[in-house]
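Number of protein chains: 4
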Amino acid sequence: MNFCEQQLTRIRPLWDRVLDHRFLRETRDGTIARDTFANWMQQDYLFVEAAIPFIAALMPKGPVEHRAALGRALPGLEKELELFRERAAAVGVELRDVRPSFTNHAYVQFLLASAYTKSYAEAFTVLYVAEKAYYDSWMVVRHGIDRESVWFPFVENWTSDAFAGWVGYLQQELDGLADSTGPAERQRMAELFEITARYELAFWEMAASGEGWPGLEGVVEC
Amino acid sequence: MNFCEQQLTRIRPLWDRVLDHRFLRETRDGTIARDTFANWMQQDYLFVEAAIPFIAALMPKGPVEHRAALGRALPGLEKELELFRERAAAVGVELRDVRPSFTNHAYVQFLLASAYTKSYAEAFTVLYVAEKAYYDSWMVVRHGIDRESVWFPFVENWTSDAFAGWVGYLQQELDGLADSTGPAERQRMAELFEITARYELAFWEMAASGEGWPGLEGVVEC
Amino acid sequence: MNFCEQQLTRIRPLWDRVLDHRFLRETRDGTIARDTFANWMQQDYLFVEAAIPFIAALMPKGPVEHRAALGRALPGLEKELELFRERAAAVGVELRDVRPSFTNHAYVQFLLASAYTKSYAEAFTVLYVAEKAYYDSWMVVRHGIDRESVWFPFVENWTSDAFAGWVGYLQQELDGLADSTGPAERQRMAELFEITARYELAFWEMAASGEGWPGLEGVVEC
Amino acid sequence: MNFCEQQLTRIRPLWDRVLDHRFLRETRDGTIARDTFANWMQQDYLFVEAAIPFIAALMPKGPVEHRAALGRALPGLEKELELFRERAAAVGVELRDVRPSFTNHAYVQFLLASAYTKSYAEAFTVLYVAEKAYYDSWMVVRHGIDRESVWFPFVENWTSDAFAGWVGYLQQELDGLADSTGPAERQRMAELFEITARYELAFWEMAASGEGWPGLEGVVEC
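Protein chains in written order, with the working numbering: chain A, 5 to 226; chain B, 5 to 226; chain C, 5 to 226; chain D, 5 to 226.
Bound conformation, chain A alone (with noise of 0.2 Å):
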């Protein structure tokens, strides 16, 4: 079994929980609120932005060969940035000055910090776990949601061909670096493969919740 489909199966139980968030069901069933959705807009409108300099912190590390697929992620993200920036002006809610909410903060450092500190086969298995759970994730929105829904083009844009051949090549890559590395690398792989997807799920929690800044709910700003 290759190194992604064994992670995936290694990490189920909290995989599921990922994919069975009220946050994906309440979107996919027409039920969640606009606020709701609105605030997840917001915060992930600003985790996109920070997805790209994550990715192009990772270009010096790896092979030549990698370049030229992780250069065209860079113009692809700024067109997701785009189609955020169409339906926040088409549904009314503001992207500007919006402060990054604690998880959402944590999940972008995570990025960087793994990005620079971490080996080039550890860093791309963040950014596998990452797109490949923003793919799983919006697959389970698509099985149900109204076409005629507001948010229906993100659904379209993570679950689209183009984006599946995204995921399937940064799988497949990954399976590729796992298999020429050593078993105390391939070890740390895995235990960033648990870890992303744990941040995955803080980040549902964080767009279900509403959640501010641990400690400072109810605060008025300093």
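Any given hint might turn out to be false.
Copies of the same chain look alike in the list, so a pair counts if it fits in one copy or across any two.
[Claimed, not checked] Taking lysine to any residue and the SDA-like style, the derived pairs with C-alpha atoms no more than 25 Å apart in a straight line are: (1) K83 to E177; (2) K83 to W162; (3) K83 to R71.
In short, the hints are calculated from the structure, not lab data.
Using the hints provided, position chains B, C and D relative to the given structure of chain A.
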């Protein structure tokens, strides 16, 4: 008014929340549950361990004159880890195989990501605020805690003259860095000043609540 | 006077040495030996390949507003590599399995080390000077080279309106970064301005001399 | 055969060139010109100063078990700098305001770029080879130099039991890192093994020749 004083004044309501945290008050008053303090010990041990590479990562970016002081801080932190191990053995707390809580993991990622992606003056701001918060926090505990408390050696460590001298050195150098830069970087330094204080608050929240991982409460580890 | 203009004036004697290099003059006059130019092609191909991760490494440290322009530069460099491959095929130069010369290897390390250890404004200075040197250098060649020369497509590439626009953009942004910082960082930017120009000079020296590795001249590869 | 032994065998002709360098022979035989040695002192002082951030930059990427040893190396290098200053004062060599030669600057960039863009095992290879080269080089000098030579304290420093122990530790750990990884990374480690040895050779060449900057020989500083 110098930069540090100015910022501490600006974020005073947030700083007061840090210093007035129930974790500190209960430790001072001797009413803290042993398991609550033990949880803090386990998590903070991991945090101090991670502070070593954070400081090391600052060194290549800073002025030559800062290297000796930062270099000396590394064995200082190794000694701090020994204090944790000594106390843990004395009171029967297990420090091995502890998993970082969400907030702890996040805070460490924030330190590392700051060291790599921010300017030296910005990352130095993060270092100062983290150390200053510990000094001020444990000074709160010092005024009231029973000197016979098994936790007193921690109080002693972070309220010692040596630690006060280190924090004073950082403050003076940070003021100097702020003076010699322009308004754009100073603004980013001010933002990181506040964000670091927010992470400190989140850390006490985590210590007091025994928080695990969002969305995984009550779940058997996968 | 803006920063870039000021620096170009300050290092004028060095800059003139770069622009008046025999490699450029001989290429312009059509007297350059085919093997000398072929050697430059082989080495510069490796250099352009390495410039991609350099620019990628700048992205996480810079302002959000710079990301789109830097991100677009990456496919631009991929296209430049294609130009090398097309020319190499046309004139029978082998680009594979070429070992970087000492100076080439060194210059690439300088780019990368700057991206990681220097502030964004400092590392951006390195990027600007490297690009500006290429624009100015190939403009020297343009004024005189036979349009039918097999090397003309390179001249065209780095003297095009598109490339001029990119260099102009970098200059304007670097001037802005210099304006908004303090004297200490501006001094470090000025030093890197000069050091980068020195590396450019060393690069033309290497191109013209066919230099290998110090102390290994005439030795069979180990 | 372990990795280090294997590589030292593989690059033997190159390694012999390093150890048989005229700079070392002349220092051993007492025939070296004072100015030549003084030039080396000035340049190597800058190099040792730059080795401190190189080692610091390795720390966040390596295993926790390596941190104490790497952390102790930092004050060790500070002590080495003191030896330079003491000798410089004793023999009247000026260490301040020295500009790094081209090769020296390049080697430092190579160290830093390796620490940031290569895997830990790869960057650790660079550290080992640089230290091993110094140990072996100065052992050549030790066998023959007059103990009363003013340069003897340098010989003593890099042929001491303490330094031999450090090099032995690095060798053992590097062998372990090579054992636990896969063939792709081991291949990259072998390449860096050789490249570092090439930089060592270039460094002795620079020391012996008093090299300045390519293309700037005989030019007044701009």
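Checklist entry - So which of the earlier hints does this model not fit? => result none
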